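Listed below are the residues making up each chain.
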Amino acid sequence: MSDAPALSVLRLSKCFGERVALDDVSFEIGHGEIFGLLGPNGAGKTTTVRTLGTLLSPTSGSAVITGIALAPENGVAIRSRISIMPESPGLYLRLSVAENLEAFAELYQVPDARSRIERALRAVHLIDRANDACGTLSKGLRQRAALGRALLSDPEVLFLDEPTSGLDPVAARDVHELIDELRHRGVTIVLTTHRLDEAERLCDRVAILNTTLRALGRPDELRERLFSKTLSVRTVAPLPDPGAVFDACPAVDAWREVGTASYSLVVSDSIVAPPAVARALVSAGADVLSLGESHHSLEDVYLELIDQGRRPTP
Amino acid sequence: MMKPSTRRVRAIFRKELREYRRTGSIVGTMAVVPLIFIIAPLARAFALPVSAAATLRHENLLVYLMAIPAIVPATLAAYSVVGERQQGTLEPILTTPLRREEFLLGKALASFIPSVVVAYAVFALFLACVELFAQPVIASALVRGPELLAQLAFTPLLAGWSIWAGIAISTRSNDVRAAQQLAGLASLPPIAITSLISYNVIHPTLRLVLGFGIALLLLNRVGWRITSKAFDRERLVTGSRSRGERQT
Numbered sequence: 001m002s003d004a005p006a007l008s009v010l011r012l013s014k015c016f017g018e019r020v021a022l023d024d025v026s027f028e029i030g031h032g033e034i035f036g037l038l039g040p041n042g043a044g045k046t047t048t049v050r051t052l053g054t055l056l057s058p059t060s061g062s063a064v065i066t067g068i069a070l071a072p073e074n075g076v077a078i079r080s081r082i083s084i085m086p087e088s089p090g091l092y093l094r095l096s097v098a099e100n101l102e103a104f105a106e107l108y109q110v111p112d113a114r115s116r117i118e119r120a121l122r123a124v125h126l127i128d129r130a131n132d133a134c135g136t137l138s139k140g141l142r143q144r145a146a147l148g149r150a151l152l153s154d155p156e157v158l159f160l161d162e163p164t165s166g167l168d169p170v171a172a173r174d175v176h177e178l179i180d181e182l183r184h185r186g187v188t189i190v191l192t193t194h195r196l197d198e199a200e201r202l203c204d205r206v207a208i209l210n211t212t213l214r215a216l217g218r219p220d221e222l223r224e225r226l227f228s229k230t231l232s233v234r235t236v237a238p239l240p241d242p243g244a245v246f247d248a249c250p251a252v253d254a255w256r257e258v259g260t261a262s263y264s265l266v267v268s269d270s271i272v273a274p275p276a277v278a279r280a281l282v283s284a285g286a287d288v289l290s291l292g293e294s295h296h297s298l299e300d301v302y303l304e305l306i307d308q309g310r311r312p313t314p
Numbered sequence: 001m002m003k004p005s006t007r008r009v010r011a012i013f014r015k016e017l018r019e020y021r022r023t024g025s026i027v028g029t030m031a032v033v034p035l036i037f038i039i040a041p042l043a044r045a046f047a048l049p050v051s052a053a054a055t056l057r058h059e060n061l062l063v064y065l066m067a068i069p070a071i072v073p074a075t076l077a078a079y080s081v082v083g084e085r086q087q088g089t090l091e092p093i094l095t096t097p098l099r100r101e102e103f104l105l106g107k108a109l110a111s112f113i114p115s116v117v118v119a120y121a122v123f124a125l126f127l128a129c130v131e132l133f134a135q136p137v138i139a140s141a142l143v144r145g146p147e148l149l150a151q152l153a154f155t156p157l158l159a160g161w162s163i164w165a166g167i168a169i170s171t172r173s174n175d176v177r178a179a180q181q182l183a184g185l186a187s188l189p190p191i192a193i194t195s196l197i198s199y200n201v202i203h204p205t206l207r208l209v210l211g212f213g214i215a216l217l218l219l220n221r222v223g224w225r226i227t228s229k230a231f232d233r234e235r236l237v238t239g240s241r242s243r244g245e246r247q248t
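Residue numbers (our numbering), protein chains in the order written: chain A, 1 to 314; chain B, 1 to 248.
If you are wondering where the hints come from, they were derived from the structure by calculation, not from laboratory data. Values in this document were obtained by computation on a predicted structure and should not be read as measured data. One thing to keep in mind: the hints can contain errors.
Label-pair restraints from in silico Cβ distances [stated by the list, open to error]: (1) ILE127(A) with GLN87(B): 22 to 32 Å; (2) ASP204(A) with VAL222(B): 33 to 43 Å; (3) ASN131(A) with SER25(B): 49 to 59 Å; (4) ARG201(A) with VAL222(B): 52 to 62 Å.
Here chain A is said to cover these stretches of chain B; the calculated rule only asks that three of the stretch's residues, wherever they fall, bring their Cβ under 8 Å from a Cβ of chain A [stated by the list, open to error]: (5) 14 to 26; (6) 75 to 89; (7) 189 to 202; (8) 229 to 237.
Yeah, the Cβ is synthetic: ideal placement off N, Cα and C, and Gly gets one too.
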């Protein structure tokens, strides 16, 4: 595999008339990476996918997809190497699952279409429903059929646009498991989602988008960048003098009481601080219920960044 | 321009035919409308007395049936793009390596072949009924070589015009019903001409027939070009027009 990224986007912008949908967005995605595009409605996620999928022409900027420059004359070559699963499965409801896949196998001109279709159906666990009309399938099964269709051509880059949108938790979990399986097969995936738990669970890196790119990195990197490390301490009874306990601890920068017998400590070193705090609590005769690092979710990161965008600049 | 892939054109064509087969109303409408169309000329052929044969030789009753290839594909073609768009299947298909020419050819063939087959079959049925049940003198006055030849030659041309007009309307339309109504209107001009010939308002001469044929050929070619230009991926996906960027 070459060192070149699977996908590279440089200063990409897209306007629809006066409306700016995407503004000066740049990022790179490595081979085999699962990359999340997060953002509120209208943030430009689907526009990004459609532009990189050659459905829309960029207003400015450039991109290289699987080594091919995004240009009108390269549309067919790019579309041959990628696959896009749009938010709506878009299956022919009167045709069977196998017939839907057969039509797409022909459009991708895949060799040995029959075995490819079977392999794709096995991958999405739909082989026993191959002859059922898509109109008779549940929403979750249709989503799986659409994912199977997207896998037919063995794409180098797979774009999944809100793959679990509108699915119940069980169906969503099934889709997550399928994406996890694709990760093990080394498929590069661009996943757009509203669901931050989904992004946190599946994505190696995420980009938070709100017309412009707000942040880019691994979920834990973003957390570290935005939030200071904190320890949560709970004791059986309130400490008579918490300042005397926490102020003397190394690597504890600040503390505050967050409830009855519950404390939040801002720490500069999450390796040094916890044992020191534990020792200080024991020395103070406190009965410790719990002591652990507070975990900021990707949702906290997301909300912080989106809120930053909404706050008026002073 | 690269040559369209026959495999991809065939994929669209086969998919369309499968959908027709699964949709009883499409097949039913395709067969019933032309059958209704032959009732009036058949009734006239059966009712005519032997003495009317001489008059019939100067009429062009069969030309009336040329409306069938113009009518049958109009609704199919009008549905072809906007229908896919409305049922959400257009975007997935546009994300494949399919070129617009391949998509349009597949769609056009899927309207053209069934329509021409139906038109020829209904015409054959009409001829069989006339030969079997009309007075032999009436049958020989009605079924004439030049008219048969015209029917054979003009059926694909009329169907072609109706299809390109229907698909062009479909690519620019946002609503299936509006597209079907407009496509119906677009198929009227050739029907008007064949009807005027059939009712002897226009007298068919060789020059007129050749002119009509060449005009239809040109309209088919222009129709293909207009349809191909009207097919804008960006507009079809987002509803807003791309700013003249080239697309594949």
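Q) Holds or violated: the stretch 189 to 202 of chain B covered by chain A, criterion of 3 or more residues with Cβ-Cβ distance under 8 Å? A) Since 0 is below three, the answer is violated.
Q.
Does the beta carbon distance between ASP204(A) and VAL222(B) stay inside 33 to 43 Å, or does it fall outside?
A. Cβ of ASP204(A) to Cβ of VAL222(B): about 53 Å, so the range 33 to 43 Å is violated.
Q. Are there three or more residues in the stretch 14 to 26 of chain B whose C-beta lies within less than 8 Å of some C-beta in chain A?
A. n = 6 at 8 Å, threshold three: holds.
(Q) Looking only at beta-carbon atoms, does the pair ASN131(A), SER25(B) fall within the given range of 49 to 59 Å? (A) At 23 Å between Cβs, range violated.
Q: Verify the coverage statement for the stretch 229 to 237 of chain B against chain A, using a C-beta to C-beta distance below 8 Å and requiring 3 or more qualifying residues.
A: Contact hint for the stretch 229 to 237 of chain B vs chain A: holds, 3 residues under 8 Å.
Q: Given the range 22 to 32 Å, decide if the beta-carbon distance of ILE127(A) to GLN87(B) lies inside it.
A: 26 Å, holds
Q. Residue count check for the stretch 75 to 89 of chain B against chain A: does it reach three with CB-CB under 8 Å?
A. holds (count 3)
Q.
Just to be sure I understand the hint, the distance between the Cβ atoms of ARG201(A) and VAL222(B) should be within 52 to 62 Å; is that true here?
A. 55 Å, holds
Hints 2, 3 and 7 from the list above are not met by this structure, while the remaining hints are.
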